[in-house]
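There are 2 protein chains.
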Amino acid sequence: MNLEGLRVMGIDPGLTRCGLSVVQAGRGRAIIPVSVGVVRTPSGHELTERLLRLSKAAQEWMDDYNPDVVAIERVFERGNVSTVIQTAHAVGVLMLAAAERNVPVYSYTPSEVKKAISGNGRADKKQMTAMITRILGLSEAPKPADAADALALAVCHCWRAPALARTQQQGAWPSS
Amino acid sequence: MNLEGLRVMGIDPGLTRCGLSVVQAGRGRAIIPVSVGVVRTPSGHELTERLLRLSKAAQEWMDDYNPDVVAIERVFERGNVSTVIQTAHAVGVLMLAAAERNVPVYSYTPSEVKKAISGNGRADKKQMTAMITRILGLSEAPKPADAADALALAVCHCWRAPALARTQQQGAWPSS
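Protein sequences appear in the order of chains A and B. Reminder that position 26 of the first sequence reads as 25 in numbering that gives the first Met the number 0, one-by-one numbering, no gaps. Reminder that position 174 of the second sequence reads as 173 in numbering that gives the first Met the number 0, one-by-one numbering, no gaps.
Isolated chain A (complex conformation) (with noise of 0.2 Å):
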């Protein structure tokens, strides 16, 4: 299965801080970055008023970017329940933005994101920073943490699209 070209948004879900990016797949397991930054809403805010501005952040990344698929990380059944519900609604948001575009969805667990591309399910913030810098060739870091996350999510999609690919049926839903 040939994937070049393939442009894939990762999200790294959040309110507070929501990282974005689109690579594209060049060839082999080539990666060309095309953007990545990152969203926030203000914490004194209301829920309702920091869903609409991640919504419009997103639905404005997708236009202009037009990815032919999301990477999203799923949201963890750990730590602080209210930040867990907080963080769940984002990803209702930032779904929703996908769906009403017809982009279909993929959801990787951090494990997974990790594991695909640092080799180790376990690698920590620095570990990742690090290949990711050097898988997209890039001249600095991204920063903060939110941003390089959202990158990694892009760059572990493209590299498991594949064996995804094989495993599905043809015109199955995708997962989320």
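What the hints contain is simulated information worked out from the structure, not anything from laboratory work. Fair warning: this is a prediction, and the values are worked out from it, not measured in the lab. We put the beta carbon where it would ideally sit given N, CA and C, even for glycine. Everything hinted at is true.
Chain A side only, calculated, beta carbon under 8 Å to chain B, not exhaustive: (1) Glu48; (2) Leu50; (3) Leu51; (4) Glu76; (5) Val80; (6) Ser81; (7) Ile84; (8) Ala87; (9) His88; (10) Val90; (11) Val92; (12) Met94; (13) Leu95; (14) Ala97; (15) Glu99; (16) Val104.
Starting from the known structure of chain A, arrange chain B on it as the hints suggest.
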């Protein structure tokens, strides 16, 4: 504060079943039922597709009934974590639909709703349904429970709104 004519949309959020209702405040504590229903999305379908369906349904309701305010159940940090996450995804797209229309959203906990409707924060489903049926002068009990809960949320807001208005600054974005 005279609320007469205020249209409140009540939402009992969920992905498998989402209760939607619209009521209108009448004179004094009187409340007129306008509409009630349940949106279902098939559990076998992908999350993105389910969120899109739910969003479209909620948007249609908002466009059809033009509520002045939305009252939604706050996601409860208890029970099965994956159900909590799924409900939080749903709440994200429901709140977004309201925010996109500039309709303020108020969240209430289950016990706040129970207390407002029945005087007892621990009332059971049967009591709540009986109270809602009586308050709204319905000829039969609303079914399923999600429909009754959506009506209860809307009534709860109607009865709490005068107190909220007294304690809130004019022009402040409502709490969510």
